[in-house]
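Enquirer: Sequence:
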Amino acid sequence: MFDPYLVSRIARCSIAMLISAATALAAPPTDAQIDQAIKLYKSVFSGGAATHDAVAAAAKSAMAGLDMNQLSCLQIARLADHGSLLSESGQLDAAWARLRSCLPDRGPDGAAAAVRLLGTRLREAADEPAKLAILRETISHPGLESAVKQGGASRVLGIVSMEAGPLAPRLADDLAQLDKLITPDFAPMLAPDYTSYYELLQRAGAGSTESGLEPTRLKLVKLARGAAAAETDEPSRESLANTADYLDGRYIKGTLLNHPAPELTVLWCSDPAIRALADLKGRVVVLDFWATWCGPCVESLPAVKELQERYEDYPVSVVGVSSPQGSVVGLKGGITKADSEQHEFELMRGYMQLHSITWPLLFSRESVTNPDYGVRGIPHVVIIDPAGIVRHRALHPAQSLAKKAEKIDAILREFKLAAPEPLPVAPAQPSGG
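Heads up: the sequence shown at position 316 corresponds to 316 in our numbering, and the numbers run straight through without jumps.
The reader is advised that the hints may include incorrect statements.
Straight-line Cα separation of at most 25 Å, PhoX-like style, residue types lysine-lysine; simulated pairs [said to hold, decoys possible]:
(1) LYS305 to LYS403
(2) LYS180 to LYS149
(3) LYS60 to LYS39
(4) LYS39 to LYS149
(5) LYS416 to LYS403
(6) LYS253 to LYS222
(7) LYS222 to LYS180
(8) LYS305 to LYS281
(9) LYS42 to LYS149
(10) LYS149 to LYS222
(11) LYS219 to LYS149
(12) LYS42 to LYS60
(13) LYS180 to LYS219
(14) LYS305 to LYS332
(15) LYS180 to LYS253
(16) LYS131 to LYS180
(17) LYS281 to LYS416
(18) LYS407 to LYS281
(19) LYS407 to LYS305
(20) LYS219 to LYS253
(21) LYS281 to LYS403
No wet-lab data here; the hints were simulated from the structure.
Using the sequences and the hints given, assemble the complete structure.
Expert: Below, the structure written as structure tokens:
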């Protein structure tokens with residue numbers, strides 16, 4: 001017999017079960033699931049360079065089953081820390097929309113959203129006062145410390161350093177407050193952020209004087225060295241050690257420009273007469289920090305040759321500076337492994353001939369990313385005057401010949417040395433690393 005009441009009860013129970021099941025399926029993802037997604041995405045890079053298709057497939061696989069509307073903004077910010085995970089999975093727009101919804105929150109979710117959206121919001125800002133307000137709001141967010149501790153705003157120092165730009169001097173006191181976020185948890189991926197933050201403080205004039213920043217610098221050096229000593233992964237250990245060396249180098253300490261040039265320990269030079277920088281005293285010295293694996297360095301070789309030819313008959317020495325890399329790239333159309341440092345030096349002679357390099361090249365014991373010269377990326381050109389004083393740094397070898405010549409010729413005239421005829425000055429080019 002048909003019983004409408006029974007049918008109604010069954011229907012209600014079925015609906016309740018469906019709602020219960022849907023609720024269970026829609027439960028917010030756990031932090032363990034986020035960890036697993038990140039691990040899965042990063043695994044595609046474990047074998048070295050990965051193809052775009054492989055990266056996209058890994059990103060989609062990692063994000064499968066994660067509902068952006070169910071993720072917390074802290075979790076989204078953690079995912080955003082890992083390259084193109086969100087964009088390659090097709091989730092970037094949804095992630096940014098979710099982050100915007102968290103901006104009013106005064107807790108860690110709001111702080112994570114404010115940090116991640118900082119660049120976007122600054123580009124949307126109508127004027128400079130609006131940009132300053134956004135930066136101050138982000139830096140002083142009440143949930144920031146908690147967000148950093150929970151991993152949702154760990155990149156805050158790097159992001160603020162990148163976005164503050166020319167506004168930094170007006171934010172000196174605000175930026176100095178971020179020092180409290182520097183903790184013993186010195187992850188390798190954050191090493192460049194801490195370095196950028198310290199340089200930002202210098203540009204901002206925080207601490208009033210260089211000595212006012214010394215406690216922050218010393219803290220960073222100590223943390224980086226401690227983390228490097230404890231690190232078992234060799235690339236990570238090297239990254240941390242390089243960060244410590246850079247922060248403890250002459251450039252960061254403010255004793256590079258207009259000071260005697262740091263010495264280079266010459267392991268080999270194509271010109272045997274050059275055994276130390278002192279051998280070039282009395283001449284203007286142009287150091288071009290480079291390596292054969294560096295595409296922009298190799299592309300700049302014709303510009304370096306042009307510079308060398310201009311000063312061939314004048315008291316100017318152009319010298320390429322590298323350090324042992326374990327191989328030479330581009331000698332036989334690929335990578336030629338070196339059996340030893342001496343073998344690499346011999347390979348370099350063949351490279352010089354192949355690429356028509358007529359200026360001296362030397363290998364130094366110090367890294368090509370030399371911390372004392374403030375070299376964080378290559379190519380990077382430094383100019384030293386005849387008295388051995390560093391006058392210019394962070395120039396790009398591909399900068400116009402006229403721009404480089406203007407600086408060199410001015411030094412030659414200052415020291416009453418012969419100089420070629422001036423060249424017309426061309427528009428500015430990018431600076432070096």
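Enquirer: For each hint, tell me whether it holds in the structure or not.
Expert: Consistency of the hints with the structure:
no.	hint	result
1	LYS305 to LYS403	holds (15 Å)
2	LYS180 to LYS149	holds (12 Å)
3	LYS60 to LYS39	holds (13 Å)
4	LYS39 to LYS149	holds (20 Å)
5	LYS416 to LYS403	holds (20 Å)
6	LYS253 to LYS222	holds (15 Å)
7	LYS222 to LYS180	holds (15 Å)
8	LYS305 to LYS281	holds (22 Å)
9	LYS42 to LYS149	holds (22 Å)
10	LYS149 to LYS222	holds (20 Å)
11	LYS219 to LYS149	holds (19 Å)
12	LYS42 to LYS60	holds (12 Å)
13	LYS180 to LYS219	holds (11 Å)
14	LYS305 to LYS332	holds (21 Å)
15	LYS180 to LYS253	holds (21 Å)
16	LYS131 to LYS180	holds (23 Å)
17	LYS281 to LYS416	holds (15 Å)
18	LYS407 to LYS281	holds (18 Å)
19	LYS407 to LYS305	holds (17 Å)
20	LYS219 to LYS253	holds (14 Å)
21	LYS281 to LYS403	holds (23 Å)
Going down the numbered hints, you'll see the structure goes against none, and every one checks out.
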